[in-house]
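Peer 1: Below, each chain spelled out in residue letters.
There are 4 protein chains.
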Amino acid sequence: MKEPAAAIADTGPALNDQLRDRFRTTRRRTVALCAPLTPEDMMVQSCPEASPAKWHLAHTAWFFESFVLKEFLPDYRLFNNDFLWLFNSYYEGFSAFPEKRLRSSFSRPSLDAVLRYREHVDESVERLLEAGPDPDALKRIELGVNHEEQHQELLLTDILHAFFTNPLRPAYFKEDEPAFLHNQDLATSSGKAPTRPDFHHFEGGLREVGHAGDAFCFDNELGRHPVWLAPYALSNRLVTCGEYLAFMADGGYRRPELWLSAGWATIKEKGWRAPLYWSKEDGESGGWSVFTLRGSLPLEHLLHVPVSQVSYYEADAYARWAGHRLPTEFEWEAAAEGCPVEGNLLESGRLMPISSNSSTRWGDCWVWTGSAYLQYPGFKPLEGALGEYNGKFMSGQMVLRGGSCVTPERHIRSSYRNFFAPETRWQFSGIRVAS
Amino acid sequence: MKEPAAAIADTGPALNDQLRDRFRTTRRRTVALCAPLTPEDMMVQSCPEASPAKWHLAHTAWFFESFVLKEFLPDYRLFNNDFLWLFNSYYEGFSAFPEKRLRSSFSRPSLDAVLRYREHVDESVERLLEAGPDPDALKRIELGVNHEEQHQELLLTDILHAFFTNPLRPAYFKEDEPAFLHNQDLATSSGKAPTRPDFHHFEGGLREVGHAGDAFCFDNELGRHPVWLAPYALSNRLVTCGEYLAFMADGGYRRPELWLSAGWATIKEKGWRAPLYWSKEDGESGGWSVFTLRGSLPLEHLLHVPVSQVSYYEADAYARWAGHRLPTEFEWEAAAEGCPVEGNLLESGRLMPISSNSSTRWGDCWVWTGSAYLQYPGFKPLEGALGEYNGKFMSGQMVLRGGSCVTPERHIRSSYRNFFAPETRWQFSGIRVAS
Amino acid sequence: MKEPAAAIADTGPALNDQLRDRFRTTRRRTVALCAPLTPEDMMVQSCPEASPAKWHLAHTAWFFESFVLKEFLPDYRLFNNDFLWLFNSYYEGFSAFPEKRLRSSFSRPSLDAVLRYREHVDESVERLLEAGPDPDALKRIELGVNHEEQHQELLLTDILHAFFTNPLRPAYFKEDEPAFLHNQDLATSSGKAPTRPDFHHFEGGLREVGHAGDAFCFDNELGRHPVWLAPYALSNRLVTCGEYLAFMADGGYRRPELWLSAGWATIKEKGWRAPLYWSKEDGESGGWSVFTLRGSLPLEHLLHVPVSQVSYYEADAYARWAGHRLPTEFEWEAAAEGCPVEGNLLESGRLMPISSNSSTRWGDCWVWTGSAYLQYPGFKPLEGALGEYNGKFMSGQMVLRGGSCVTPERHIRSSYRNFFAPETRWQFSGIRVAS
Amino acid sequence: MKEPAAAIADTGPALNDQLRDRFRTTRRRTVALCAPLTPEDMMVQSCPEASPAKWHLAHTAWFFESFVLKEFLPDYRLFNNDFLWLFNSYYEGFSAFPEKRLRSSFSRPSLDAVLRYREHVDESVERLLEAGPDPDALKRIELGVNHEEQHQELLLTDILHAFFTNPLRPAYFKEDEPAFLHNQDLATSSGKAPTRPDFHHFEGGLREVGHAGDAFCFDNELGRHPVWLAPYALSNRLVTCGEYLAFMADGGYRRPELWLSAGWATIKEKGWRAPLYWSKEDGESGGWSVFTLRGSLPLEHLLHVPVSQVSYYEADAYARWAGHRLPTEFEWEAAAEGCPVEGNLLESGRLMPISSNSSTRWGDCWVWTGSAYLQYPGFKPLEGALGEYNGKFMSGQMVLRGGSCVTPERHIRSSYRNFFAPETRWQFSGIRVAS
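Protein chains in written order, with our numbering: chain H, 1 to 435; chain X, 1 to 435; chain C, 1 to 435; chain B, 1 to 435.
Chain H with its partners taken away, still in its complex shape (with noise of 0.2 Å):
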């Protein structure tokens, strides 16, 4: 089976030039997406899905110093001993490490500590990359990067929800920083109304699928391998809030007909009757608003915008309700192949879904497909303790493609799959419909 990255492990000096470039630029976002945030923003831990964002300032610098620095690097000296356990998220085989839950006890080190950590970090791995490193090293800084543009994405989301649970909810964006986001006109964007949806319609039959080609992929993504499609159709756009308030507005939420029966469980148990940030704040009679990364905006705003934050069971029942079902990851991924990775992500600078009528396959949320989290035919996971990336997770899952606004555009492609639980919400998860 192929290996992944395998493309670096052969090049020469122009491809470590460009794993160097990249990798100061997502260490150094890493750190400008925390400018709008107080020390003190950085330490909540708002539900159990969430770390605090200076957590994830130090567990994606403990990824280079746990799986590069300490294993290429050879004079290489730890930081702080504690922390090669302490900020270990959850890989067995490498160390004990602290229940995840505890992370919102880490007032010490501090913010400052841990930024001191990075540039330690940052500092070592930019030597290791002079000094001519061999071919398996560079995989796993390039690896590290890609984790740690993952990690940009949970930060985003993690401090939405802390925001949004702060019953002051605040906003995280200003108008002025950070200064490397290229902010749109909101109103604008948002504005244009979306066409009824349309259906794109692809041939299906024998298809290949998963990552082909050398460049950089993560172990679930491979090996490729033929998957039979029978001819199926796609909707151009994603499902929009308007429309969304329309199943909410026909019963959507008291109709178990319309329900798996463990979304059905889910929602009576849970007290659901919206997505996660639509609420009411004034009261039944009032209106419903939506909480983003730019604070509480009216839903009437927004009602052409895509809806997001929404579980797998309400996607899958809105695809009910409307009359179609969720795409198969196999159908998503066939479509997208040889689309160029445009859309909202999180360069955009927007940080929250927005309206648009175009056919892209990729930005804004996050698609929640039909498709369990499995493994491929011939999975092989990484070699050690790095084998828990991916693998370990493969069960109770359900598959997302796509990419959101806050996910990094060089940090997806068509085979890339993103997994959470079907009960998951507070992702930038949002439904589009096939048929």
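Hints listed in this document are in silico derivations from the structure and should not be mistaken for laboratory results.
One should not assume that every hint holds.
Which copy is meant is left open, so a pair is good if it fits within one copy or across any two.
To be verified - With a straight-line Cα cutoff of 25 Å, these simulated SDA-like cross-link-like pairs (lysine to any residue) come out:
| # | residue 1 | residue 2 |
| --- | --- | --- |
| 1 | K100 | G283 |
| 2 | K100 | G387 |
| 3 | K268 | E347 |
| 4 | K268 | A215 |
The hints should help you fit chains X, C and B onto chain H, whose structure is shown.
Peer 2: Coordinates of chains X, C and B only, in the frame set by chain H:
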């Protein structure tokens, strides 16, 4: 898409007689399976998954009453108006129904009343059959028969758990009853030591899966569709208790690298360290015994018998430890298609797995596959409340294939899909590895 | 400190005969109380507090076997070795015992076997009594009788909950059985409208509380000791359903200022909005009905009947709403001392509270007091495992006084202390206010 | 009934000055206690009982704003309208308030803003004091000061838990700060071996308990009333770590006969086998260490120091093991009345219990009593929302007496009643036995 059981719709008196025979046989057998049980035994509901035996008797009558008699027998008189909602299991579209956990409080109606209810329903179905019912009614009767066969398996599975929960650990099986069982000499049949597992190799390629032909099937087996299979190999037999013991002795329950993350969390939370019905009755230093429908048996007598009552997590961990993996449901189906259904099934009367070197695909234990229970392309649930039979459970469950020692022989086929949540252990569920 | 039941120790044949009579009466009555029940009814355990009726039958035999026969009847032969641990309730010092929740799985031994167990024990105790046992044995028999009386009350309390849990809501009571009950005309007795509550005033001062004299008492009633009581007043009767309905109509369950913090948390978490057995069977617009051992009765017929099956939290909130408070256990005891035990107790056969203007302190419902269940000065638990009878529960419980419509008349006295956790609702527990 | 703080109501400028001094001292000390903490530390809420330090800072300001300034300072301008509900703890009668668990998400307002809030409140209270407020306002200020003293203790208790939860286990205490603390040489003070415990004997009889005189007290200390005490004896000192270790070594946590039933269930469920802050950092074979505000210390250095952070259940089990019992709250109070308040209290700066042979009743650890926290005869909660201060918690809690090493000296008195649920362990709660 093809309708299930379409064959019956087109047929005349002969098939009608055949259905009547199967109806009678099935209905009698459910009652016969209760012969070793007292009315008190039939009250026990010892875990959330299980139901009391009396409830199974009543619910299977309810199914015919609700979906056959009420719709198709013009002058049908309900046996008891309350039973119509009392014995509804989970059909939201049919009526309100009691919470499942309340079934253990159904001391009324008495067992006698439930048996009269069954007779009332039996006579009414016979009347309907004599009247030459329309094809839709016949299809529903056939569905009812298949439904009842499922509950026969559940009844035995549940009573095994009930007797395991009773600290006295009574045995279900008595040598001379139930009369219909052809009891085998257990000592002999379990004494045959299986050879080392042997792998059968299959070419794979583009194969059709799902139900073919006109005979009965459930909606979840349709529509038949092509899948691409890479070349694969299946073990010729199930994993034995002795092999599983070796996994345990090698630290199987203490090594996180062998487990899915959710599986590891589950065994830590629940304190699992052996299959469900293995216990050490004489303290840690004593040997394991295995609880069966024939009572507690020493594990040392069962080393060649397939291990049973393991969860998906345990099956998956065992396979990883053994250097193999679980088969997909389609690998299993492609291998089984065309093989006659024979093996250690309910009719054998053994009521527990037995040793075997045969490479049959059927019986002893259901085989956990690595496939999530999801809809096939073009899946169309049955109309009305019956659409809840299978479809709404297509979330969070794994497919099992092949039948067990308590599955009626006529009930299964190569396209048959059983399904349970990955932490489920009270079923006759075992392991067949693939590579 | 005084030993309980010392009187018997010093007495001759006459008291011996008296004890034999009480033993026989009590043992027969337990079985008689089961006359309306089927073996299936006697399997139901519908809440964690409750036990199956069959278990009560067996456990009360076990008590005599374990604490009387095994110790005092020289050649006593155990009925069944397993029963010695199987029917132990909670005496850690006696043997291991099954978890309480497993009692619902005790389909074996059968009811018949349990009845034979009782006969075996009865005959053996009779033999012991004939032999002229030593005073300690007589004390233990007396304790066993009192223990069994407690379980008679529990048996009825538990079966009421079992029948309430059964969606068919069957009635325990049939007009002509159990034979020993002198059934009263309910309509008449409940129809008497009580006058407005009247307060009886007491001077207080230094009073002795706790059991006095030589007759039997439990260890928790000793030692008798002085307490200082400020002047106080007690209502002459229990709060009625009609008065409680007024509390509800005045927002009783929606006003946090009326509730203890733990009570408010409890009613919010559990969704309580009425006493346990009040329900609206015909939807919100319909009237309340009250479930009793005589089946469901319309609340409007019971407005003058004491409210029952309320928790301490509800009793406390009601009292606060009414501008009163709950009495302390010593206020109750000082008022009751010297009053003959008469009222609506088990022997009345009514099996539910009835209307009454009388100022008797006994019967209808146990009265929640504002006193925590704690040890008296000089408290000394019984020796050995029997020391666990009362003492280990002296934490987190409130004292109730006075007896209920299912308490045997001979069982109670002014120093008698019943106790339950403040959220307990399945008892015949009511409200008598003080000020 | 006597009003609390009546003295102030009748007094002139001198007492006014005294209150101003105490107000200033108290307010400054709260901030001073935070000197060793970073803004990140002050975000941590590591268990449901605890609150972040920043929240304590804000809530104690809120108390003055809500119950003093808003009512008594005519032109008072709210610092921030949102703070009025955001920092309400549990006063249902005052405003809606956030769930307690959300306090860990209050990254906004920032610590700076909270400190400005405190200054705003301080200045306003000073203005009110200068204006010569009416007696009711003075009473409220005095209540606010006492309230803040309680939160000083909680702040230290909570930060100890926060640092214990952080896997790095940082120490709060630094030798040179906080500046106000007069640091003692710990090694010396803890090194004094106490003699064997000695019992002081008391005659008992009819004693008055509850607050007497005109000085401030909480409503739960009133009204003063007679109680009858049998002769009793109190140990002259607290149980030491060494004595508690002997209890553990004698199977203390494995012998059900030593425990209340609820206690036994608790230690089995939670897996307790030592006081909260005792841990074996080097595995089972290593020695115990004890976590304190001065960091982790070896247990062997603390054998003569009072054991702390034990639950009521553990205190009760220890006392039973030692052949003693816990004192009642009135036994403690009668013994302490008239004794000057001196001992190892907050002002000592030790911040942990120390060894002592003295028979003082104050300091080191709160003493669990065997008394449930219930109202005194004639209890009258404060008017309005302040009535929720104490009264609504009179359920399910046990009384503690005497103060701890983090209790301000001026805060306590012989009638002072502290209270926590019996499973509570994060307090400086210890054991003093009685007999």
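Peer 1: Next step is simple, just say for each hint if it's right about the structure.
Peer 2: Consistency of the hints with the structure:
With identical chains, the CA atoms of K100 and G283 are at most 25 Å apart between copies only, with a shortest distance of 22 Å across copies and 35 Å within one. Taking CA atoms no more than 25 Å apart as the test, K100 paired with G387 passes inside one copy only; the shortest distance there is 20 Å, against 40 Å between copies. Taking the shortest Cα distances, K268 and E347 never come within 25 Å of each other, neither inside one copy (38 Å) nor across copies (42 Å). Taking identical chains as interchangeable, the C-alpha atoms of K268 and A215 are never at most 25 Å apart, the minima being 45 Å within one chain and 39 Å between chains.
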